[in-house]
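Protein chains in written order, with numbering that gives the first Met the number 0: chain B, 0 to 115; chain D, 0 to 115; chain W, 0 to 115; chain F, 0 to 115.
These are computed hints drawn from the structure, not numbers from a lab. Do not take every clue at face value.
Any copy will do: because identical chains look the same in the list, a pair fits if it lies in one copy or spans two.
What the hints assert, rightly or not - Using 20 Å as the maximum straight-line C-alpha spacing, the simulated EDC-like pairs for lysine to aspartate or glutamate come out as follows: (1) K108 - E36; (2) K108 - E39; (3) K50 - E36; (4) K70 - E105; (5) K61 - D82; (6) K91 - E69; (7) K66 - D82; (8) K70 - E36; (9) K108 - E69; (10) K70 - E87; (11) K66 - E42; (12) K59 - E69; (13) K70 - E56; (14) K91 - D63; (15) K108 - D63; (16) K66 - E105; (17) K108 - E42; (18) K108 - D82; (19) K108 - E56; (20) K108 - E57; (21) K66 - E39; (22) K59 - D104; (23) K59 - E87; (24) K50 - E87; (25) K94 - E39.
Protein chains: 4
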Amino acid sequence: MLHPKPRDERVDKAQFEAGIKLGALFHQFVGTPVGFENVEILERAMESCVKLQPYVEEVKVKIDRVKLREKLSAFGYTSLSPDMLHAEVVVKVGKRRVRAVLRWDERLKYPIMEIR
Amino acid sequence: MLHPKPRDERVDKAQFEAGIKLGALFHQFVGTPVGFENVEILERAMESCVKLQPYVEEVKVKIDRVKLREKLSAFGYTSLSPDMLHAEVVVKVGKRRVRAVLRWDERLKYPIMEIR
Amino acid sequence: MLHPKPRDERVDKAQFEAGIKLGALFHQFVGTPVGFENVEILERAMESCVKLQPYVEEVKVKIDRVKLREKLSAFGYTSLSPDMLHAEVVVKVGKRRVRAVLRWDERLKYPIMEIR
Amino acid sequence: MLHPKPRDERVDKAQFEAGIKLGALFHQFVGTPVGFENVEILERAMESCVKLQPYVEEVKVKIDRVKLREKLSAFGYTSLSPDMLHAEVVVKVGKRRVRAVLRWDERLKYPIMEIR
Numbered sequence: 000m001l002h003p004k005p006r007d008e009r010v011d012k013a014q015f016e017a018g019i020k021l022g023a024l025f026h027q028f029v030g031t032p033v034g035f036e037n038v039e040i041l042e043r044a045m046e047s048c049v050k051l052q053p054y055v056e057e058v059k060v061k062i063d064r065v066k067l068r069e070k071l072s073a074f075g076y077t078s079l080s081p082d083m084l085h086a087e088v089v090v091k092v093g094k095r096r097v098r099a100v101l102r103w104d105e106r107l108k109y110p111i112m113e114i115r
Numbered sequence: 000m001l002h003p004k005p006r007d008e009r010v011d012k013a014q015f016e017a018g019i020k021l022g023a024l025f026h027q028f029v030g031t032p033v034g035f036e037n038v039e040i041l042e043r044a045m046e047s048c049v050k051l052q053p054y055v056e057e058v059k060v061k062i063d064r065v066k067l068r069e070k071l072s073a074f075g076y077t078s079l080s081p082d083m084l085h086a087e088v089v090v091k092v093g094k095r096r097v098r099a100v101l102r103w104d105e106r107l108k109y110p111i112m113e114i115r
Numbered sequence: 000m001l002h003p004k005p006r007d008e009r010v011d012k013a014q015f016e017a018g019i020k021l022g023a024l025f026h027q028f029v030g031t032p033v034g035f036e037n038v039e040i041l042e043r044a045m046e047s048c049v050k051l052q053p054y055v056e057e058v059k060v061k062i063d064r065v066k067l068r069e070k071l072s073a074f075g076y077t078s079l080s081p082d083m084l085h086a087e088v089v090v091k092v093g094k095r096r097v098r099a100v101l102r103w104d105e106r107l108k109y110p111i112m113e114i115r
Numbered sequence: 000m001l002h003p004k005p006r007d008e009r010v011d012k013a014q015f016e017a018g019i020k021l022g023a024l025f026h027q028f029v030g031t032p033v034g035f036e037n038v039e040i041l042e043r044a045m046e047s048c049v050k051l052q053p054y055v056e057e058v059k060v061k062i063d064r065v066k067l068r069e070k071l072s073a074f075g076y077t078s079l080s081p082d083m084l085h086a087e088v089v090v091k092v093g094k095r096r097v098r099a100v101l102r103w104d105e106r107l108k109y110p111i112m113e114i115r
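Modelling step: build the complete structure from the supplied sequences, incorporating the hints.
Written as structure tokens, this is what we have:
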């Protein structure tokens with residue numbers, strides 16, 4: 000009988016690290032003042048924060064302009080909310096690479112985080 | 000001709016301090032996971048954080064249960080959002096006391112902060 | 000020739016979910032006002048926020064009282080800092096369970112997050 | 000007998016608004032990943048968030064590079080901490096203008112916020 004193959008710990012660690020990055024991004028920045036004047040610099044700053052972290056190869060943050068427009072207050076800006084935040088991060092540990100996504104699911108009313 | 004009365008600096012400082020407390024509360028806690036299981040402990044913890052700060056006499060934090068119910072995700076909780084957060088703080092500097100309120104204004108789509 | 004065993008996706012997902020929880024906890028709460036008056040309610044509130052999240056079986060948050068004392072300001076409180084925050088979370092996805100820890104590493108000057 | 004002059008409400012409101020801005024800035028961004036690679040974009044993004052808010056005329060955010068260097072982890076970055084954050088904001092309500100400052104006081108171990 001075959002012994003089960005040992006799990007590849009580097010895969011697991013890559014998944015763990017990817018989870019850390021998305022959880023961190025969401026909870027650091029939700030609530031931040033955002034409008035059309037600063038949406039781009041905010042996206043780039045958020046990406047810059049993820050890139051600093053260990054094992055990160057790539058990151059893309061996108062704030063939904065349609066949602067942003069809908070949510071603008073009478074003062075021309077709003078607070079960054081979960082339903083306007085989209086992010087992708089690629090993490091590499093050893094030779095293993097995982098891509099994780101943060102996206103709003105309107106039906107579940109929830110910011111889904113998942114491995115792609 | 001009368002000289003203008005000097006402004007009472009303690010009034011101004013009380014207003015400044017009240018502003019700090021509301022700005023801090025909002026931006027520290029928006030995004031926090033909240034559901035019916037932890038809404039009360041979260042309110043009390045938020046109040047405990049405000050009470051630590053200089054010049055605070057009283058504080059009351061209230062998370063809107065109706066809004067909370069509306070926003071619950073398929074997983075039974077949501078993130079604390081500006082439209083469900085209400086707070087009042089009383090700050091005293093010297094003998095001057097000000098009461099400031101944080102409340103959601105649905106028409107302005109904005110978390111109004113004001114002196115009462 | 001043997002085909003490689005497929006990786007157990009549930010293990011990976013458990014690791015991913017564990018990472019999310021620790022990243023979220025750290026970035027939501029670092030900066031929160033904390034002193035000896037509210038350290039316990041803050042720990043319990045932080046735990047309550049993690050417990051709401053999918054797949055969480057257990058969570059323990061501990062704020063280091065020695066570090067807290069060292070960091071207290073002249074006003075008797077401070078802001079929650081990475082070096083005083085310790086947390087453990089147990090996440091279960093299907094039949095697989097992982098335990099993850101957040102702890103300060105003084106030598107690395109870094110809040111290590113790791114699977115135990 | 001002279002009646003006391005009514006307090007100038009616009010002065011008070013300017014102070015209140017200045018307090019909001021500093022409290023918000025501190026609590027939104029403390030904990031953010033920061034290193035020499037992203038310190039400038041983070042400063043500009045933080046300023047952009049303050050500028051969006053009502054009554055703000057000017058804002059300057061400065062992260063202390065000496066403190067940043069001291070605090071860098073073995074991974075080449077750290078979390079934004081209160082002792083490395085300096086900010087100035089000018090708020091104007093009606094014709095009244097106030098300048099408020101956030102600065103770390105090493106002796107008090109406290110992020111002082113004050114009107115200048």
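The hints, checked one at a time:
1. K108 - E36: Between copies only: 18 Å across chains, 27 Å inside a chain, cut-off 20 Å.
2. K108 - E39: neither (25 Å within a copy, 22 Å between copies)
3. K50 - E36: between (23 Å within a copy, 9 Å between copies)
4. K70 - E105: both (15 Å within a copy, 11 Å between copies)
5. K61 - D82: Cα proximity of K61 and D82: one copy only (11 Å, versus 23 Å across).
6. K91 - E69: neither (37 Å within a copy, 28 Å between copies)
7. K66 - D82: both (7 Å within a copy, 16 Å between copies)
8. K70 - E36: within (15 Å within a copy, 28 Å between copies)
9. K108 - E69: Intra 17 Å, inter 10 Å, cutoff 20 Å: intra and inter.
10. K70 - E87: neither (23 Å within a copy, 25 Å between copies)
11. K66 - E42: within (15 Å within a copy, 26 Å between copies)
12. K59 - E69: neither (23 Å within a copy, 30 Å between copies)
13. K70 - E56: Classified as neither: same-chain Cα gap 32 Å, cross-chain 24 Å, threshold 20 Å.
14. K91 - D63: neither (27 Å within a copy, 32 Å between copies)
15. K108 - D63: both (16 Å within a copy, 18 Å between copies)
16. K66 - E105: both (12 Å within a copy, 17 Å between copies)
17. K108 - E42: neither (22 Å within a copy, 23 Å between copies)
18. K108 - D82: Both. Shortest intra-copy (8 Å) and inter-copy (16 Å) distances satisfy the 20 Å Cα cut-off.
19. K108 - E56: neither (29 Å within a copy, 23 Å between copies)
20. K108 - E57: neither (27 Å within a copy, 25 Å between copies)
21. K66 - E39: within (15 Å within a copy, 28 Å between copies)
22. K59 - D104: Within. Shortest intra-copy distance 18 Å satisfies the 20 Å Cα cut-off; inter-copy 29 Å does not.
23. K59 - E87: Within one copy only: 5 Å inside a chain, 29 Å across chains, cut-off 20 Å.
24. K50 - E87: Within. Shortest intra-copy distance 12 Å satisfies the 20 Å Cα cut-off; inter-copy 25 Å does not.
25. K94 - E39: Neither, since 32 Å and 32 Å both go past 20 Å.
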